[in-house]
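Asker: Numbering (our numbering) for the sequence shown: 1 to 317.
Hints in this document: simulated from the structure, not taken from any laboratory. Ideal placement from N, C-alpha and C gives every residue a C-beta, glycine not left out. Hints are not guaranteed to be accurate.
Label pairs and their calculated CB-CB ranges [unchecked claim]:
| id | residue 1 | residue 2 | range |
| --- | --- | --- | --- |
| 1 | Glu144 | Val205 | 13 to 23 Å |
| 2 | Ala252 | Ser28 | 18 to 28 Å |
| 3 | Asp27 | Arg179 | 43 to 53 Å |
| 4 | Pro79 | Glu7 | 36 to 46 Å |
| 5 | Gly279 | Met18 | 31 to 41 Å |
| 6 | Gly232 | Thr11 | 39 to 49 Å |
| 7 | Phe58 | Gly304 | 22 to 32 Å |
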Amino acid sequence: MRAAAIESTGTADVLHIMDVDTPLRLDSEVLVKVVAAGVSPLDVYARAGRLPSSVLGFPAVLGYDFSGFVVEAPYGAHPLQPGDEVYGVAPTPRGLGSYAEYVSVPSTHLARKPTRLSHVEAAAAPLAALAAWGMVIDVGKAHEGQIVLVHAGAGGVGHLAVQFAAHFGAHVIATGSARNAAWLRELGAMEVIDYEASRFEDLAVDVDLVIDLVGNGRDETSRRSLSVLRHGGLVVTARADEWPTMAADAAAAGVRATGFAAAPDGQTLAVISRLLESGDVHVYVDKVFELADAARAHAALESGHTRGKVVLTVCDG
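All chains should be modelled from the sequences, with the hints used to inform the complete structure.
Answerer: Written out as C-alpha cells, the structure reads:
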C-alpha cells in the first residue's frame, strides 16, 4: 500500500511516499481503508526525533488520527461491519500509522463517524478531542461557575478544550493571538488574552483550572500559570516533560498540577461524537494536503500559525 513514511528522523523533508505492506488484521482488530488522516504535534515531534519512544524502527509510518471505511471486521456479528464509516486512533508506534491507505486497529480505538462530518473533518477530531475531553472534563471536572484558562486556545486541542469547557458552563478565558480573538469568542471564550500584547498573569485571577497546551519550555508558561489559580486550583499540562519541578512548584504555591497524555478510547470518542453530531461542538480544519504533501503539512504545523487542525487526504471517500 502507499504510505507517507520516514526512514530517519529529521526535518519535514524526511517524510516521503513509499510502498509498505498492508497491515494484517489480527484478533479483535478492524481493518480500515483510510480516507483522511489528521496531522498531530505528536507526529511532528516523532518525525523530528523529539519523542524517541514514538519510533520503534524504520521505515516508520506516522499518524494517529484517521477517518475511513471498515474493510474487515473481527467476526460476522461484530457491531462494525465492512462499509461502515468510522474514525479513531491508530496504535502508533506499535503498528503502522494513519498516513497510509489502510490501518488495522483494535475495535476499542474506534467510533462511528458522525454523519454530519466529512471524512476530512472527522480525521481532525479523535486525538485532539480525546485530549481536550480528558484534560477539561475527566481531570479538570469543568462545570458551571468555574473559571477555566485555556492556553493556546486556537490550536488543535485548544479550540476543542474551549468548546468543552464552555459547553459544561465554565467561564472560559483563552490565550491566543489577536487575529484569533474573535474566533475564540465564537467558540465560547468569554475573554481572550493576546499573549503577544499582555502577560496572562496580569489579567487572569482566581482561576479554578488551567489547561496548559504550551508547556514550560516556552517562557515558563506552566510555572507562571500557578500564580493565577485560586487556592487549591489545578493546572493540567500536556507538557509535563518540560516541567520537572512541577509537583514542588505547585505545592509551594498552594495549588495542584498534573500532567496528561491522551489514550485511544472508542467509548469516550462515541460520547464526543454526539456533541459533534448535534453541532454543539465543531472541529475546525485549517489546511488540507494530499498524502504526497505530508512534508508540507508538517511544515505548516511547525510554523505555529495554523488554526485548529491540519489534515491529509489519503483516498477518495
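Asker: Each hint should be assessed against the structure and marked as holding or not.
Answerer: Here is how each hint holds up against the structure:
{"no.": "1", "hint": "Glu144 x Val205: 13 to 23 Å", "verdict": "19 Å, holds"}
{"no.": "2", "hint": "Ala252 x Ser28: 18 to 28 Å", "verdict": "47 Å, violated"}
{"no.": "3", "hint": "Asp27 x Arg179: 43 to 53 Å", "verdict": "48 Å, holds"}
{"no.": "4", "hint": "Pro79 x Glu7: 36 to 46 Å", "verdict": "38 Å, holds"}
{"no.": "5", "hint": "Gly279 x Met18: 31 to 41 Å", "verdict": "39 Å, holds"}
{"no.": "6", "hint": "Gly232 x Thr11: 39 to 49 Å", "verdict": "44 Å, holds"}
{"no.": "7", "hint": "Phe58 x Gly304: 22 to 32 Å", "verdict": "28 Å, holds"}
This entry does not satisfy hint 2, going by the numbered hints stated previously; all others are met.
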